[in-house]
Amino acid sequence: DAGITQSPRHKVTETGTPVTLRCHQTENHRYMYWYRQDPGHGLRLIHYSYGVKDTDKGEVSDGYSVSRSKTEDFLLTLESATSSQTSVYFCAISVSGTQETQYFGPGTRLLVL
Amino acid sequence: GESVGLHLPTLSVQEGDNSIINCAYSNSASDYFIWYKQESGKGPQFIIDIRSNMDKRQGQRVTVLLNKTVKHLSLQIAATQPGDSAVYFCAEIWNTGFQKLVFGTGTRLLVSP
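Those protein sequences? They're chains A and B, same order as listed. If you read the first sequence in this note's numbering, its first letter stands for residue 1, the second for the next number, and so on. If you read the second sequence in this note's numbering, its first letter stands for residue 1001, the second for the next number, and so on.
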């Protein structure tokens, strides 16, 4: 998994509660990404980061926020979880921001009741 | 959403056969393509990539073919093994100021012994 870990790996939470997912990488890659994967939709980009404290929105960013205070950690927060955010969340990294393969972590399976 | 899709949602083959997984893309400006393999419960794993200045690229037991005229990508797996059973995604890079990776919804490859 290209030195990427995600925590927790599984989580069950209730609607309305805040949830934070963590992505940790050990290779000092500049670019980090958060995706969600749902049946029939494939992988969709939520947010990405191009450096410490530098983040931007992806195509499905509503209801999510991110933070990157250190190169190695990229946090995804569901401010008030909803059932529609039940999904599998993947973190990815790339060495540069263009023309570069992204490498994925093992994923976090989130169930919002 | 973006049109990176796969013609066959499920492909069943016998062990030892060659497998061909197809993908159509819609963005003629895309110039970098990636194939990923995803096993159950795991993150997508990089298999092979190809740039638009190439028609063919070979790896270990895998070959990717790119036909820019008809915007078609294929992944060929030689001597398919049970361990190749997984979902395969094609992805294209859209250069929109940053690297936007656009995924298809995936094809499931089932290999029977």
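Think of the hints as simulated: they come from the structure by calculation, not from any bench. Ideal Cβ placement from N, Cα and C applies to all residues, glycine included. One should not assume that every hint holds.
To be verified - Cut-off 25 Å, straight-line C-alpha distance, at most; resulting in silico cross-link-like pairs (PhoX-like, lysine-lysine):
#1 K57(A) <-> K1100(B)
#2 K1037(B) <-> K70(A)
#3 K1071(B) <-> K53(A)
As the list claims (entries may be wrong) - Interface residues of chain A toward chain B, partial, derived using beta-carbon atoms under 8 Å:
#4 P8
#5 H41
#6 G42
#7 L43
#8 Y64
#9 T101
#10 G105
* To do: Determine which of the earlier numbered hints do not hold for this structure and return their numbers in increasing order.
  => 2, 3, 4 and 8
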